[in-house]
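Position chain B against the provided structure of chain A, taking the given hints into account.
Just so you know, the sequences run in chain order A and B.
Residue numbers for the first sequence follow the working numbering, so the first one is 18 and each next one is one higher.
Residue numbers for the second sequence follow the working numbering, so the first one is -14 and each next one is one higher.
The set of hints was computed from the structure by calculation and includes no laboratory data.
Glycine is no exception: its CB is placed at the ideal position from the N, C-alpha and C atoms.
Keep in mind that the hints are not guaranteed to be accurate.
To be verified - Distance ranges between label pairs, derived from CB positions:
1) Q241(A) with N(-12)(B): 26 to 34 Å
2) H244(A) with N(-12)(B): 26 to 34 Å
3) H244(A) with V0(B): 36 to 44 Å
4) H11(B) with Q241(A): 42 to 50 Å
5) I492(A) with W156(B): 56 to 64 Å
What the hints assert, rightly or not - Once the Cα atoms are required to be at most 27 Å apart in a straight line, the calculated BS3-like pairs of lysine-lysine come out as:
6) K(-6)(B) with K258(A)
7) K251(A) with K58(B)
8) K(-6)(B) with K535(A)
9) K119(B) with K230(B)
10) K(-10)(B) with K41(A)
11) K119(B) with K502(A)
12) K158(B) with K58(B)
What the hints assert, rightly or not - To list a few chain B residues with every Cβ distance to chain A over 12 Å, as calculated:
13) R(-13)
14) F6
15) I13
16) I127
17) P166
18) G200
19) H296
20) R308
21) I351
22) Y395
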Amino acid sequence: MSFVSVQFLLFISLVFLLYFAAPKKVRWVVLLAGSYFYYIISDASLAIYLAITTLSVYGCGMILSALNKRRDHRLHLLTLPETFDVSGETDAADKPVKHGDNLNMDDEIRRERKKIRSKTDISKRWILLLALLINFGILAFFKYSGFFVSTVNSLMNNFSAGASAETFDLLLPLGISFYTFQSLGYIIDVYRDKYNAEKNPAKFALFVSFFPQIIQGPISRYDQLAHQLFAPNKFEYERFKNGLLLILWGFFKKLIIADRAGIIVAAVIPNYTEFSGTEIGIGVFMFMLQVYADFSGGIDIARGVAQCLGIDMAQNFERPHFAVGIGDYWRRWHITLGTWMRDYLMYPLSLSKAFTAIGKGARKRFGRDIGKMIPACLAMTVVFFAVGIWHGAGLKHIMFGAYNGFFIVLGIMLASPIQKIQKKAPWFTSKIIVFRILLTLGTCFIIYISKFFAAANDLSEAFTMIYRTFAEFEIGSVSIAFLSKIGFGIRNFYVLAAACAVFFAVSLMQENKIEVRKFISRRNIAVRWAVYYALIFAILFLSSDFGEGLGEFLYAQF
Amino acid sequence: MRNFKIALKCVAFSVIFCFIFAAFIHYIDMPRATTRIAMHEFYTQDNIDIFFIGASRFRFAIAPVIIDRELGKNTYVSAAGSQTPIDNYYMLLEMYKYYTPELVVIDVSYTSFEGRPNTPAKVYLPEMKFSKEKLLYTFDAIAPSHYIGTTFPVLSSVNRIHLFSGDYDIWEKFLEKQSQPYKNYSYKYGSTPNRTYVGKGAVSNRRTKSEGRVGHTATRKWTEEEVDSKKLRFFHKAIELCKSKGTPVILLDAPTPLAAIRSQSGYAEYEKFVQNIADEHGVPFYNFGYVKDSAFERKDIYFYDRKHINHIGLPVFSRVIARFTNEYLNDTLDENEYFYSSYEETMAANPKIFNTWMYYNKDAKILTALSYHGDGVEPEYEFRYKPDEQSDYVTIQEYGFSDKIPVAQYDGGFIRVNCRSKGSDVKREQWDVYEIS
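Next up, chain A with everything else stripped away, as it sits in the complex (with noise of 0.2 Å):
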């Protein structure tokens, strides 16, 4: 059941109605329903595999909760000051302290401390990597056994010609990116022992199948979703008003520019040696911006569907084309992703012992900056390198990881000869307007040759593609006739011109810090309505038929 299509309305319509119409107390058991609902009905047969990483995070999490818990009581009785007696599992159980005794005695806890800590932790540790390789294996099966078997076939075909493993494509269980990542997030949050295990299985299962994010997101976060799912959400008509708006907003990103820009870009791209260069560069930009109407559209939906039922989703995306460097465009795009991979891959690294020890070793040979540095540098690349595999397997995914970390690591070494520059420079910043429209369109610039590596088959046609963008860049040499050899009629192209307009026009209020939900409902009713007329019938009337389908939505497929 797609997003865009009449019955995800009619299901949400009654998902809603359901919701409000429910004792409070089962609220969220209608959630729950509505969610294995949509997930059956769209993908039966993979919906086990949904049920595995429920059921095995759910398991590990309990286990792991019931360690730190353990772990907590036996700190808890070192502390008393009577007794010394930890279950009788150490050989101190049964000694009786003495009162006075407190040097020998603190030493002792201490130790005794540190031992009942390093058992649990390698319990613990045995216990997630369990749950991570369980749904990282899941998760890699699907995703990268394919790559792993052609790789396999074409290195024996060079040893020896017409021996190959069997090859076979595998249908990826919907959403599944997103769902591992957002368990695994929650069970490293438990290890963490940042909060405890969800007790109630079949609360956890809605939490990791809540229907609006379950195909691309956002990926949240247990502490700031799970309270919202299980409470019993009144409804609000602001609110829901509000949720309504944004799912408007989603199909009108979605249905009129990014299906739009999508028959451009399926036009040129496959085809991309039938095309000239300037051409070639025009497809590449219409997938850039089909990439991010199409992603934010898919968000915006997912989002307020959310907000209807009262549940405030995470943020995905921040106008990541207004961005002022690689740092920033990370920062604002995808952001659930790149908050993922910082809290659980970045951090973790950073603070490890192996980078630590490179960090002091780089401190002691070159110095305080460039030591700092360093390890920095080191994490942003495995981090890069890892959300390059995480869009997929393969060289150019590995290219597009690589290519963004290299400008990130850039971005980290030029950091502070800037600052300094800034020092003696105060109008060196990007709060001048003409330094941050520079800075915004360069930035563009270096994330529209990384789309080139995302839009291509393989690595060796994004660098011709490249190579022929800009080596038979002509901007003249476009014309209407471009448009009619692609069937993309003139209007069409009118048409995702002005909602292109719009959507920049949106994008700078919120820029500018303007609410524009809040905007237009302080004005008068017949504007308010003109614009959810415009909005509604421009959706009805003026929406691209491209790409139909469940896993229409390109980041479905991830």
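Just chain B, lined up with the frame of chain A:
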């Protein structure tokens, strides 16, 4: 009070939305253009003398303008794709409100009673004048899930939340809807690149089969258990209605290629089933599946698929049906002149190859040629090969050798099979092509 205001606002918003929506649809949507023109013509006749009613097989096989010219009468064919006996009944009711026909010819085929779910009323409902019967029709013909689609036809095929496909040029349609030809029901608006509306409900289909290449025609087995009881009930009601109005009724099965009859499992049972209905009502049933070549020769090029006549067959069969109905009305019809008496007689009287095709065994990489044919015929096959579209075929296996050909050695290209009756010296009777990929 606040809740009341909110509710009032919601209602007002919805009402205005519906008005704007209806206005937009009125100006830019051009649905079911053929039915629109056909129904306009239906309501503007002086009288209808011969009323043909059925589904797509009548629509493509009977051209009233030809029959009118031949007989000097006024005929009309009320037949649309997937039209069911339920549609037929209500269309007959509507017809009797305005006209007094001399003859009603009801189409019957082995798909007439199939228990497929009702499609939205893509037939006559939206264009039918409002009446009590129209309401009854709505509830009888349409599954509840399709009520919205019937009320707003533009929504009937909506899956995604937008109403028109990407290549639907709203502005162009708006202008077109205001144009005089559209307002005057120009036939252009009832036609598509492959189909031309030829007046009074008939459509000429321009697709055609190559001579000698009928190809595979397998259909589902017909069984009485699969007959939809509701459709059967309305079929009976339609006959009773005509009889109650004193109009003679004919049940008529339009012609199909012989291969389709041969491949239709349960064809004889189906024929018997319809004959029983006809007998029950005392009306004649004429099956053009058993038509003699002397009355209407079923050439391959007269059909565009396994059951529909095309633009070449349309005038030929229309003349046949004109003569046939004329003879029926004048009581001079000699059934034996037109039809074989049974399935067995039809097969025995046509000792020829009806069609041929190939089946590919993926594991063994072997193509097997198959065919349907009349009684007393043994088929033989010749295989030819060409590596690409531009090359010429080369014979790779002569007639009389085998019905199988191994194709493992071919990376691509086309295998053509020619089929003829054993002992015949013609180059081929039927042929087909398989693309190796």
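Worksheet item: Per the hint of 26 to 34 Å, is the separation of the Cβ atoms of Q241(A) and N(-12)(B) within bounds?
Response: Holds: the Cβ-Cβ distance is about 31 Å, inside 26 to 34 Å.
Worksheet item: So the hint says 56 to 64 Å: do the beta-carbon atoms of I492(A) and W156(B) match that?
Response: violated, 29 Å
Worksheet item: Is 42 to 50 Å right for how far apart the beta carbons of H11(B) and Q241(A) are?
Response: holds, 48 Å
Practice prompt. Test the statement that G200(B) is away from the interface with chain A: the closest C-beta pair must be farther apart than 12 Å.
Written response: For G200(B), whose nearest Cβ neighbour in chain A is about 30 Å away, the distance exceeds 12 Å, so it holds.
Discussion item. Verify this label for me: R308(B) is non-interface relative to chain A, using a Cβ-Cβ cutoff of 12 Å.
Written reply: holds, 48 Å
Fill in: Straight-line alpha-carbon gap K(-6)(B) to K535(A), limit 27 Å
holds, 18 Å
Worksheet entry | 27 Å Cα cutoff - pair K119(B), K230(B) | Given that 27 Å is the threshold and the Cα spacing comes to 20 Å, the pair holds.
Practice prompt. Please confirm whether H296(B) is truly not at the interface, meaning its C-beta sits more than 12 Å away from all C-beta atoms of chain A.
Written response: holds, 29 Å
Discussion item. Does K502(A) sit within 27 Å of K119(B), going by the straight-line distance between their CA atoms?
Written reply: With a Cα-Cα distance of about 48 Å, the restraint between K119(B) and K502(A) is violated, given a limit of 27 Å.
Worksheet item: Given the hint that K158(B) pairs with K58(B), does the C-alpha gap stay at or below 27 Å?
Response: Given that 27 Å is the threshold and the Cα spacing comes to 37 Å, the pair is violated.
Worksheet item: Does I127(B) sit more than 12 Å from chain A, CB to CB?
Response: holds, 17 Å
Fill in: Status of the stated non-contact between R(-13)(B) and chain A (beta carbon gap over 12 Å)
violated, 8 Å
Going through the hint list in order, the structure does not satisfy hints 5, 7, 11, 12, 13, 14 and 15.
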